[in-house]
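Throw the hints in and build the complete structure from the sequences for me.
Heads up: the protein sequence lines correspond to chains B and Z, in order.
My numbering puts the first residue of the first sequence at 1, with every later residue one more than the last.
My numbering puts the first residue of the second sequence at 342, with every later residue one more than the last.
It should be emphasised that the hints constitute simulated quantities derived from the structure, not laboratory data.
Computed from a prediction, not measured in an experiment: that's the story for all the values here.
We put the CB at the ideal spot given by N, CA and C, even for glycine.
Incorrect hints may have been included.
As the list claims (entries may be wrong) - For each label pair, taking beta carbons as the anchor points, the in silico distance ranges come out as:
#, chain 1, residue 1, chain 2, residue 2, range
1, Z, Pro400, B, Ala293, 36 to 46 Å
2, B, Gly60, Z, Asp398, 39 to 49 Å
3, Z, Glu627, B, Asp294, 47 to 57 Å
4, Z, Asp460, B, Ala293, 53 to 63 Å
5, B, Leu25, Z, Gly516, 46 to 56 Å
6, Z, Thr437, B, Gly241, 21 to 31 Å
There are 2 protein chains.
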Amino acid sequence: MAIESRQWTLASRPTGLVGPEHFNLGNTTVGEPGEGELLVKNLYLSFDPTQRGWLNDGPGYMDPVQIGAPMIGSGLAQVIESNNPDFAPGDIVNGTLPWQDYAILRNEGMMPLTKASTDFPLTWNFSVFGITTLTAYFGLTEVGAIKEGDTVLISGAAGATGSAAAQMARIMGAGKIIGVAGGPEKCDWIVKEGSCDAAIDYKNDDVAAKVLELAPEGVDLFYDNTGGPILDAVLANLADGARVVVCGGIASGYSSWTMPEGPKNYLFLILKSARMEGFLLFTYAEKFPQAMADIGKWVQEGKLAVHETISEGLENAPAALQGLFTGKNTGKAILKLADPE
Amino acid sequence: MAIESRQWTLASRPTGLVGPEHFNLGNTTVGEPGEGELLVKNLYLSFDPTQRGWLNDGPGYMDPVQIGAPMIGSGLAQVIESNNPDFAPGDIVNGTLPWQDYAILRNEGMMPLTKASTDFPLTWNFSVFGITTLTAYFGLTEVGAIKEGDTVLISGAAGATGSAAAQMARIMGAGKIIGVAGGPEKCDWIVKEGSCDAAIDYKNDDVAAKVLELAPEGVDLFYDNTGGPILDAVLANLADGARVVVCGGIASGYSSWTMPEGPKNYLFLILKSARMEGFLLFTYAEKFPQAMADIGKWVQEGKLAVHETISEGLENAPAALQGLFTGKNTGKAILKLADPE
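Right, dumping it as structure tokens:
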């Protein structure tokens, strides 16, 4: 069996904002699965800021995507043919997929293929039960050492990780939660739907003044998804012993691991005996089961809501990726390719 | 008794490098000590980068020095008259002094007056047994979590804190110690006298290339006294789980708690699950006795050497302070005013 499939390949390396111009949509023939391989139909693609880093020909936690090679990302797919005893036709698998209609998968790499849960809507495998929620969980607990009563500030608060972080900060006992988002609609959303007590609109507010006004005693825990001027504003208004969780730098567009401007105010770390700490999620792999159990309980109890923005059609994959950096979505950005059979 | 004394007052607030032009040398009359006060003759002044911060009219851990008020700093003085039962005439006291020949002291403020030890040369109260050694001690242990075999990099390695940090990193089991200093003479000194295995000359070397060359497996612990391009170079070459101890920002001249350029490479903290952490020494006040016991033992065993640069004459106080930021000294910068009686 040979199946014709559309396929997005990397056309050129973006230096700034990634967009459709950096990818080519072509066709490929997907052949028979080899030993240990699966032939799958892709159902959903998930978009994460970290994918931008895979496009740089520089240091990273995995090899960069090569020019001309298929673009990849987290996704869900349904098995058509299997040469792997762990998976049977009809199974829905969760793993790293090429941006294609059909694909051959091999169980290798950083993120092993697993069977997706079908106990709830499929997209929840990415959103509330996906790596962004796990990232927020460990960012708050292991890195941020969140404490009862903390004043927590979250940038990118309408995004997948940020909105999960805001909700879990509430569950974990934060005193006040301040979210940063772009534009009045999103600011409205993070307060009404996203567990934030107050919002800062980085596109319209004087961010530094707002941080001071909303956190007059200083910020205990800053969960930073963006970097840039927001980071500097918060560094100048930390509480004693504050923790800055460096989760991402969307403001850089992830053109590299270098920001156009570093945090000029980082010396306030001295004045406040504070720290900035980064992390890769897989550092905490051993603790995933406990985290998933907590997250599952919170969803069941109605404490943790599911936030998704779902678009459709493989042809829209590059635009969906770009949307992460231009603030197009609230919650998890997902692209639907096909329904399972 | 009324004594005529010279006195340095703050003439204007420096915006960049501090120098003699920001101070006035005048005369004052020192009168009788009031209740609880001491009349003292000042013997030594100590110079610390943190003093630069006291000159800014902005946030800090203590009130700024006011324009027209006497400049202050750590120092040693001998008691002439005492209205405080804890101190007798002839005693040598260690505390915060005005930059004067004679002064009235009150036992108040952050740094209490204590009797200086006379079991060793008086200046050792500042140098090897002073706050810079304590700062390096807690920076390495509590903040830097130094481990056996660590590759340790130290900026400002010829300075008081840096040279203490290099020596103690060796005592604490560091695998390789790389020091950064300005100019071939100092680089020579930090290797020959200062416990460093290798030196980087920030004035002449390609710092980023040298960091890569000397720490091919990455830097485990960076003890940063300077900030600036050195910090960016090290951030791009951290080992997994690295710790960056933010001790100072001499490169900023401490014109504020804001650096002219922040560390653009701070997102590497994510890639390496690493952290940057600042601290104020007094956070660890409860642990000072243990630290001083360790330091005393190391001095006795000949493992920790005394590094001082001593100049003379009250008229040279502003120049001595400026020297901290222009790289004039190796080890602790001290100014001698008078011999004890």
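Going through the hints against the structure:
no., hint, result
1, Pro400/Z / Ala293/B: 36 to 46 Å, "holds (43 Å)"
2, Gly60/B / Asp398/Z: 39 to 49 Å, "holds (44 Å)"
3, Glu627/Z / Asp294/B: 47 to 57 Å, "violated (35 Å)"
4, Asp460/Z / Ala293/B: 53 to 63 Å, "holds (60 Å)"
5, Leu25/B / Gly516/Z: 46 to 56 Å, "holds (51 Å)"
6, Thr437/Z / Gly241/B: 21 to 31 Å, "holds (25 Å)"
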